[in-house]
Amino acid sequence: MVCKNCREKPVIKLTNSNISLCKNCYIKYFEKKVKKTISDYKLIEKNDNIAIACSGGKDSTVLLYLIKKIIKGRKDIKITALAIDEGIHNYRDKSLEFLKAFCKKHEIELKIFSYKEEFSKTLDEILKTYKGIPCSICGVLRRYLLNKKSKELEATKLATGHNLDDESQSIIMNMFKNNIKMSARLGPITGIIKDERFIPRIKPLYFLTEKEVATYAFLKGFMDKFNECPNSPYSYRGYVRDMLNSLESKYPGTKHAIITSFLEIMPLLKNHYKKDQDAIKSCSLCNEPCSQEICKTCQYIENVIKA
Amino acid sequence: MKIYIEKTDEYKEVEASTVKELLEKLKINPTTILVTKNNELVTEEEKLTNKDEIKILSVISGG
Ligand code: SF4
Ligand SMILES: [Zn+2]
Ligand SMILES: [Zn+2]
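Heads up: the sequence lines are chains R and F, in that order.
The opening residue of the first sequence carries number 1 in our numbering; numbering runs sequentially from there.
The opening residue of the second sequence carries number 1 in our numbering; numbering runs sequentially from there.
Don't take every hint at face value.
[Stated by the list, open to error] Straight-line Cα separation of at most 35 Å, DSBU-like style, residue types lysine-lysine; simulated pairs:
#	chain 1	residue 1	chain 2	residue 2
1	R	K23	F	K55
2	F	K7	R	K23
3	F	K27	R	K220
4	R	K4	F	K51
5	R	K4	F	K47
6	R	K94	F	K27
7	F	K2	R	K13
8	F	K51	F	K7
9	R	K28	F	K25
[Stated by the list, open to error] Residues on chain F that point at chain R, a partial pick, calculated with CB under 7 Å:
#	residue
10	E6
11	L34
12	V59
In short, the hints are calculated from the structure, not lab data.
The beta-carbon is built from N, C-alpha and C at its ideal position, and this holds for glycine as well.
Whenever a hint applies, use it, and build me the whole structure from the sequences.
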């Protein structure tokens with residue numbers, strides 16, 4: 001087996017197309033695919049002020065590096081790395097140290113906000129009394145802060161490191177939990193329906209698998225291990241992830257097929273649930289957008305964090 | 001040969017002539033890992049010898 005383009009020694013075989021690529025050709029392939037996603041879906045526009053959600057993990061680090069690289073020379077576009085410190089001992093502390101050094105090296109402005117300061121407790125402290133699934137509460141609090149803080153930064157877009165694996169998991173999870181309405185909020189760009197309470201979210205790594213992102217991060221020398229949050233195995237997402245990966249190894253291309261077929265029905269879904277989008281209320285306590293009287297974050301603050 | 005498994009931080013003794021065979025013996029799904037041989041990334045077709053330093057890196061990163 002040799003690289004399809006230059007006959008050098010390959011470093012990866014792409015599972016959905018059966019193509020092997022060497023280090024240099026792979027890096028080019030990866031960057032081209034990210035650029036294509038950005039231009040096909042108009043993820044970055046003139047005068048954008050982009051907040052990039054970063055954790056120090058591989059996906060958001062690759063995202064940060066590539067957005068910076070792609071907008072090089074564009075004086076009209078501003079980027080800020082936005083990190084949330086959930087307060088997960090021996091995991092987030094380490095990844096944020098890495099992120100600080102990375103941002104310093106690449107001259108990117110970094111803002112960090114923590115659960116401790118914003119909600120009075122770290123995730124570790126919250127989990128001492130909260131016996132539900134950690135990611136349920138953690139995900140709600142993080143999305144809330146990301147939206148709120150990007151508005152404070154006057155961002156026009158919030159970029160996240162979601163890759164093809166994350167997205168295919170979400171699609172399947174929503175289906176298995178009879179939550180198809182939630183899928184209307186997926187896709188490479190969300191929040192196109194103008195609502196100034198929501199910052200549009202963009203996902204430039206949408207068409208790249210987790211393994212491909214890790215390969216790029218490794219080859220670029222960003223990192224040589226990919227740490228997993230200690231709470232992540234307990235999530236429903238964890239089961240779906242393992243299921244999709246075992247399907248993928250038996251039937252290569254499965255995850256791509258989920259994404260491709262989803263993108264075909266996505267416009268219909270978005271249109272079908274447009275009315276629900278229009279009916280979004282504002283939380284009576286914090287004013288952030290929500291579907292009930294009081295948003296989930298405020299409910300968690302009252303019932304879990306303060307309790 | 002001795003294989004380093006990063007996820008669990010342990011070494012395992014396995015005899016295998018290719019990466020593919022190695023992963024099959026360890027029952028590790030190739031979509032969830034990267035394999036390095038002497039610190040270079042390699043594909044499943046890669047041939048292995050006893051002198052090689054092999055690492056298996058899990059690519060799963062929640063959070
Ligand atoms: S894996 Fe779950 S608990 Fe860990 S950071 Fe992500 S959402 Fe929070
Ligand atoms: Zn090549
Ligand atoms: Zn609220």
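Each hint, compared with the structure:
1. K23(R) x K55(F): holds (18 Å)
2. K7(F) x K23(R): holds (24 Å)
3. K27(F) x K220(R): holds (29 Å)
4. K4(R) x K51(F): holds (29 Å)
5. K4(R) x K47(F): Given that 35 Å is the threshold and the Cα spacing comes to 19 Å, the pair holds.
6. K94(R) x K27(F): holds (30 Å)
7. K2(F) x K13(R): This hinted pair holds, its Cα atoms lying about 24 Å apart.
8. K51(F) x K7(F): holds (22 Å)
9. K28(R) x K25(F): holds (33 Å)
10. E6: Holds: closest Cβ of chain R sits about 6 Å from E6(F), inside 7 Å.
11. L34: holds (6 Å)
12. V59: holds (4 Å)
Of the hints listed earlier, there is not a single one the structure fails to meet.
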